[in-house]
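S.K.: Modelling step: build the complete structure from the supplied sequences, incorporating the hints.
If you're matching positions, the sequence shown starts at 1 in UniProt numbering and goes up one per residue.
No lab work stands behind these hints, which were simulated from the structure alone. Mixed in with the good hints, there may be bad ones.
[As the list claims (entries may be wrong)] No farther apart than 30 Å at their CA atoms in a straight line, the calculated lysine-lysine pairs in the DSSO-like style are these: (1) 314 to 372; (2) 149 to 91; (3) 69 to 91; (4) 91 to 62; (5) 344 to 314; (6) 69 to 109; (7) 149 to 109; (8) 109 to 62; (9) 91 to 109.
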Amino acid sequence: MTQPRAQAGPAVAAATEAVEAVVRRNGWDAEEDLDGARTLVLQRNGLEVLGDALRPFRGLVKLDLSRNKLVSLEGLEHLEQLETLNIYLNKINDGRQLLLLRRNTELRKLDARLNPLVRSRLYRSFVIQQLEDLSTLDEQLITALERRKAAQLPPIAPGDLRPNLHDDDEDEDEDDDDEDDEEEEEDNIRNNTEDDKVVVESGEEEEHNEEEEDAAPLNADQVLLDLLRHMRSLRMPVSTSGWEDTVASVNERLVRLVQARKNEKQGIDAERRAQNEQMARIDQERQTQMNTEHSLRDQVELLVDRCTALEHEKAALQAEVENARHLASQQQSPVVQVDDQASKALAGMLRESHEALISSNEMLREQLRETKEQYAADEEQWQRNFDHLRRTLGVSAASPQPVHHE
Numbered sequence: 001m002t003q004p005r006a007q008a009g010p011a012v013a014a015a016t017e018a019v020e021a022v023v024r025r026n027g028w029d030a031e032e033d034l035d036g037a038r039t040l041v042l043q044r045n046g047l048e049v050l051g052d053a054l055r056p057f058r059g060l061v062k063l064d065l066s067r068n069k070l071v072s073l074e075g076l077e078h079l080e081q082l083e084t085l086n087i088y089l090n091k092i093n094d095g096r097q098l099l100l101l102r103r104n105t106e107l108r109k110l111d112a113r114l115n116p117l118v119r120s121r122l123y124r125s126f127v128i129q130q131l132e133d134l135s136t137l138d139e140q141l142i143t144a145l146e147r148r149k150a151a152q153l154p155p156i157a158p159g160d161l162r163p164n165l166h167d168d169d170e171d172e173d174e175d176d177d178d179e180d181d182e183e184e185e186e187d188n189i190r191n192n193t194e195d196d197k198v199v200v201e202s203g204e205e206e207e208h209n210e211e212e213e214d215a216a217p218l219n220a221d222q223v224l225l226d227l228l229r230h231m232r233s234l235r236m237p238v239s240t241s242g243w244e245d246t247v248a249s250v251n252e253r254l255v256r257l258v259q260a261r262k263n264e265k266q267g268i269d270a271e272r273r274a275q276n277e278q279m280a281r282i283d284q285e286r287q288t289q290m291n292t293e294h295s296l297r298d299q300v301e302l303l304v305d306r307c308t309a310l311e312h313e314k315a316a317l318q319a320e321v322e323n324a325r326h327l328a329s330q331q332q333s334p335v336v337q338v339d340d341q342a343s344k345a346l347a348g349m350l351r352e353s354h355e356a357l358i359s360s361n362e363m364l365r366e367q368l369r370e371t372k373e374q375y376a377a378d379e380e381q382w383q384r385n386f387d388h389l390r391r392t393l394g395v396s397a398a399s400p401q402p403v404h405h406e
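M.R.: Listed below in structure tokens is the structure:
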């Protein structure tokens, strides 16, 4: 759309002043600085046209012209490296302005939401037909299904884009309010839940499997915000035939979103219950391990006491044998000499007692060794169970130090 001559001069001058202000803020002095700039933000400057204000910025990759009053996109044709263009919340209402973007062959992302042109039901298909290299339109990926549907439609001319508008004076006032409403909604939603993720399904239900790879994870509340923007941009009377379909589509998406949130919460609750049950089993196993450890220690102490008693008994028998030998050597009278048979019997008895003592001692040592081996095996099994549980729950605490027994 061409501006009236009386307004073109001041509008171009305003665009030039806005660009010069950005140049001063960034400290760009030389022409090389402007030519090498990759990103330029000119939002909220009240721009209506661009003219030649962007002529020095030949290397721009990302350009933000959102929240202005642009009615024309002339002045962008020289930006051969431009990949991302944001013209959100302007006054573009002529499809021929979008055709000008075909000269920007590297353009991949375009955001034209809240422009009068967007209210046409053919808008998205028109853009997909005319800008075939676009990958993202209005912050939504262009799916293969959308491209096929757009290709099947007859060629859409700029004159076919007829926005559903109320009278122009009302639109002009409401567009000023849209900006404040959008900012308030964005701030409230982003502050509430910033990290919630959902998958936006593309295409119809029967083609879900075919288009599954095109679905992209988006912020759930961002989806709601886009729906609100879309409903506001329609501005259709209640009697419009497409209104019921739009409301049904919105309701369907909201139902899917609520169900996804509910399923996610149920899954989290189930996982927490399973973790609590597992922690209770861990506590029970630890208590059992402690009881078993105390029992094994008591058995070891009892075996040590028995070994000590046997050693004392052995020492007492040895002392008794030595005493008997000493008494026998002290006897000088032949009358009271010890009978050989009695001496042999005493020696045999002492030998049998000594052998029984040694056998009992070996048996106790064997029992002590088996008890220690069983305790070591139980301790190793407990350690493996604890390590497995720690890996399952993601616990990063250090493993308990094993108890060493001499």
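S.K.: Okay, which hints does this one fail, numbers in order?
M.R.: Structure breaks no hint.
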